[in-house]
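Chains as they are written, first to last, in our numbering: chain A, 1 to 329; chain B, 330 to 621; chain C, 622 to 1150; chain D, 1151 to 1464.
Treat the hints with care, since some could be wrong.
[Claimed, not checked] Computed beta-carbon distance windows for the label pairs:
| no. | chain 1 | residue 1 | chain 2 | residue 2 | range |
| --- | --- | --- | --- | --- | --- |
| 1 | A | His153 | B | Leu442 | 49 to 59 Å |
| 2 | C | His1040 | D | Arg1383 | 53 to 63 Å |
| 3 | B | Trp516 | C | His1040 | 53 to 63 Å |
If you are wondering where the hints come from, they were derived from the structure by calculation, not from laboratory data.
Each residue gets a CB set at the ideal place from its N, CA and C atoms; glycine is no exception.
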Amino acid sequence: MKPPALELRELAVEFGQGPGRFRAVEDVSVSVADGGTLGLVGESGCGKSITLRAVMGLLPSGAQVASGRLLAGGSELPLAGKGVRAARRRRVAMVFQDPSSGLNPVMRVGAQVAEAPRTVLGLSARRARDRALELLAMCGVPDPKRRAGAFPHQLSGGTRQRVMIAIALSSEPRILLCDEPTTALDVTIQAQILRLLQDLRERMGLTIVFVTHNLAVVGELCDELAVMYAGRVVETGATRQVLDRPRHPYTLGLLRSAVDLDAPVSEPQPIPGVLPDPLHRPAGCAFHPRCWLATPDCTVTDVRLEDVGAGRQSACLNHQHLADATRHG
Amino acid sequence: MKLPAATPSAQPIAESAGRHRSIARRAFGSRTFVAGLCIVGCITMLAVLAPVISRYGPNQQNPFHTLEGPSAAHWLGTDDLGRDVWSRVLYAGRTDLFIGFAAVLFPLIFGTLLGIMVGYFGGRFDTFTMRLVDVIIAFPFFVLVIALVFIIGPGIRGIFIAIALTDWVVYTRIIRSQTLVVRELDWVAAARAGGLSHARVLRRHILPNTIPQAIVYVMSDIVYVLLAVVTLGYLGLGIQPPTPDWGSMISEGQSFLTTNLWLSTIPGVPIVLIGLGLSLCADGLTDVLRPP
Amino acid sequence: MQDYPGPLSRRDLIRRTAIGAGLLALGPLAQACSSNSGSSASGSSTPKRGGTLSFGRSTGVFLFDPANAFADNDVYTCDKIFESLYVTTPQGTLVPWLVLGHTVSSDGKTYTFTLRPGVKFSDGKPLTADDVVFTVMRCARDTAGPLSYLDVAIKSMHATGTQTVVIELTQPWAPFISDLSCFCNAIIPKNFNGQEPKAFFKEPIGTGPFVVKQWTPGTSLTLARNPVYWQRGKPYLDEIQFPIIADQNQRIIQLKSGTIDIAGSVPGAAVSGLKSDSSVTVGIFPSWDVDLLLMNEKLPMFADLHVRRAIAHAIDRKAISAAATFGTAPPAGSFFPPSVQFYDPHAPVLEYNLAAAKSELSQSHFPHGFSTSLLIPSGNDQYASTAQIIQSELQKLNIRVAIQSLDDAAYHQEFQTFHHEMFLNWSVNDITDPDDMCTFQCVPKGGGSYSYYTNYNNPKAINLVRLGEITQNTAQRARIYAQLQALVSADAPYIPLDYPPYSYAWRNNVHGFKGIPSGTYRLESVWMD
Amino acid sequence: MSDTWRYVGTRLLHAIPVVFGVTVATFLLLHLIPGDPARQLVGLHASPAAVATVNRRLGLDGSLLSQFRDFLSRLLHGDTGTSFFYGVSTRSLIVSRLPVTAALVALAALFCVVITLPLAIIAAVQKDRLTDHAIRVIPLVGLGMPAFWIGILFILIFSVKLPWFPVGGWGISYSDHLRALILPALTAALGIIPLLIRSLRAGALDVFNADFIATARAKGLREGRVLFLHVTRNALIPTVALLGLNIAYLIGSTVIVERVFDLNGLGSLLLEAVGNRDFPVVEGVTLVFAVAVVLVNLGTDLVTAQLDPRIRLR
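Sequences and hints are given; from them, build the entire structure.
Okay, structure coming up:
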């Protein structure tokens, strides 16, 4: 069997130093098959973006990888240290959340797209420019010739995100990491961008890791799903299955809190409470203070992901109750 | 005057008095700020305690011990009139710190208020004020201050008035541009639409959001004022003898630059330290004010 | 008799910044004096011809018109191009220069001069009596000339033949030869050689040892040898450049590094440092100047004789000499500097004596002291130190002095409009005769000087000054001036503090440089190896 | 492009009242300063008649108002008058001195950029480490010590001890000029370098955390390229603006620096003219300085607009 395109094992990321130090991400293990799409979902601050940045080797200052391994196609990619960027070159690329701040404001977009082909792939200036135009066209930027000469602030949000994707693709990666690439966009544009990503995946055989807090988006794009809460993965599985029959109360909570355009009758129901302060993690299951299924066990037992059948995993002591409940409800 | 950077505009503060207290608390939590404050505090203490610490009067001459190097009797040596340099440096601190801190008060208050007014109300008054600001900025600073000191007469009074007349423009400029930004913010517009009076909007919304910029600049400004005093001393227009001040000590020492370098070097040390301390304070404050 | 408009000297302005020392050349005549500390390198060996001298001075040369020159370096440069009938030697005596000599009629009103034969202007034309008549009359009639009042005694003058000039005076005038020696009476060709004055003074032609080679007013100046100079074989130098170096430290460093060959206006503070440099010689030449503490007698405290005498007794002039001038200027006694004619070394002086000072003050209307201010020009380190010493000494009499330093122009205006209480300034002579200085300093109406802005008004002193002007007999004049020195000492309208010298420093390869008490220097005998 | 020209035109139009204001203020200030130019010319002992004659010649005998009218009408005809002392036109004086000062200011500005850029970026990269602290603290000496002191120290070290540069003066050839200007320009630059380093370092830190830097890194660019092309270019914008804003300060400091280094530029001319109360020269030089400040500010805005396409010239 082919090794997964990307496999992350027991990642832990720490912030700060001394007494203020805390783990923002802990024991995260996910993998995505070649050509597959993995969705990473959770509320803001749950560690999904940090996980993605750790994979990309672009942790913000103050954060460092405490432990974990990363394998791409079976070979090891360093998570920290000198060779981080070189190891990912031509393999992994990333699309960022906010296209308005993700583009260098003082460089023409064509130049930004051509930069990697020129310096990373070593094309001549002329060929790099042609390549940039191709990429822009491929990403659906209208009139790429003209747009290539524009500065980012002269473009619309959707076009900017297309440019971001073109930039990500410009270094010819096999794996594309997308950090909430549609969050900052209008709903109609969101759909276009998702379609573009899908299209690119099919045409180029890309493997995609997609971070979002929007379950609807996940449903459309991803075949695999990992739900994160308070720095840990709480549930994984095939997207359809997880969405239809969640095996973790948090996933269910997320589903209930989402606006479902297809079912106008049901009111979104927010999950009560807030994400725990990472410095004061509740003992036991971190979700228990907000969980309606919580039992006294939940407050003491350190819950870990367990196989719950059909290739799925859940980190809930009571996942069986949930399975029963959703089956009948 | 040196003009500061347009500090990256701090996170706008919604109506709040509590915010200021929290800024102060956070400032004291900033190591940079505290370090700066310590340096400035130490020098201020030394200056305040000058009569206690020094063994000689600042103007006590001794014709038999002129231009001596450091010794047990005179830690930093003596000057051309046999006065104890250490004592003079300490006493000079009283003059200079007073001038530095006091001279920027008027520019700070007047410039800030004017900047807020013209920035908020705009109109012809704004145009006129900014032309005036341009005129004053277009004058090379020294030329203007020198001319003013000529007219008013040298000494502390001349320096105060010259600084007061010229320095406010920097504050006006900083505060006005910040006011322009804040004025356009949604919640300020909302406050105004909600029927708050101009006075209240200015006091509760505009002022808290603009004054931190002025306070950051004040830190550097105090050093610039000290430098201006030094340079006026070089031109013979500074503090009148025999009152010791670091600037006139440096300029008196310049006759001995090629023979007794320390005479003009030592008085520069506290200026550098004050500059360092205040810069650290400013850096610390900027960090605190910068959106996290 | 007439008051003349104003006493004499011109250049209070830039004085210490300018320079000058002269050397003394004098072919036919005078012999330079042995002199002071500076002469070490000159002398023995035979002069060499050639070379370019670089003379760093604090200001540039703005004009070459002797009758309108006033600033130091204008004066000290004009006299290299134009020469007077008489010149002063480094010892301060007068010697005939462009004349062989003169006779005076018995009534003392008619002077007859015989010109030195063989003197030529730098364009080759010979010097004639007409040139002399033109020059002196121009200066005497030029109301805007800073020093034209020196010539007020002249009634008329004419040439008899080409070599003889006769001058009629309105009255006997003892200082007349001295007045003629002033640079303002330096001889220019008749009618400006047929040119407009402006054009003429742009490329001036005189009898002096040098000619102007290149000149941008106030900016740069190069002089070159006058090939037809009347003293055979001189000048030795091919050229002289005058770089302008306003900053004193800069001047000294450039000298030490050899960028310039002579530095003018060496401050006292730098003298000891320069003396320890073996490649440099320091020359300190006595001047006609006196540093004075002057008091405004329009104010009640200074109108009180006892207050003034108390102050005179309270000031330690030796301390000022040592600390403020670094020992370069000897402490002063008489208000006449030693280098001026009729200086009386035995003139009684109010010596430093604190007990006497206190007793004088107790007899005054201000026995418990008072507050006053002392005006000084800014940027003058010597005066700043002097003022602080005076301040601390008068404190002992409970006279509280606030020092007020103003920039030069404002400082002048302040005391000329009598807004001052006390001020420091120096008296400058442009001639070796004391008359001009005495008029300026003792005669309230003398040219509106109000006795050097002290308002000192003692009819006895005024009479002595007038008497000194018209007395022809030298011994008699000496007695008159001795009386005057004693009287002014006792009245203490101003207190002489020290006799400041002119200080220069030069590289050891420069020889024959000597300063003249007027502040200038003759350069035709300077040579380099 | 026509937009730019229209902008330049408008700005220049707006500059007219500013320059006019500076000129008028100079005139008034000068006449308020105590001190009499005629006395400065003929000295303490000259007769009152001589002083009056000189005053008439200098045009100082009328009332302040009539002098002001004369001054304005001369100015409108582009005539800045004749120097009281030099006896030549103010314009020719300024023209002869301008190159020195212009070169000095230009070189100082260049030093500002060349020194600030690497230091600030290094400080930002090494944030809170020893290098960072050193880079931030050491230039403060330049802030604390006046130019005349630093200047003399430079001369003692780099001209006397190590004879690398001339002690002072301007030299004859272009290479002389350049060598003569290095220390003075450095001295002048040191006055504002701490300010610039602080600004650029803060700017660089902001840029470091910007998303587009992550984008650039994610592209696989080498760190050097990220630093120079992306970080520096963006952090430079506010710094250039700040430098432009402080050009007036730099110009003003030539007054002192030229004196210390024995350069005959506009600064030393101004200082001398103020001392002599040479009114036309002071007025002329101040006018030139004001025009220079206005032009430099305009130039700065154009350059920043060039550097930062988001800025629209309005």
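Status of the hints after comparison with the structure:
no., hint, result
1, A:His153 with B:Leu442: 49 to 59 Å, "violated (35 Å)"
2, C:His1040 with D:Arg1383: 53 to 63 Å, "holds (60 Å)"
3, B:Trp516 with C:His1040: 53 to 63 Å, "holds (60 Å)"
Consistency with the previously given hints fails for number 1 only.
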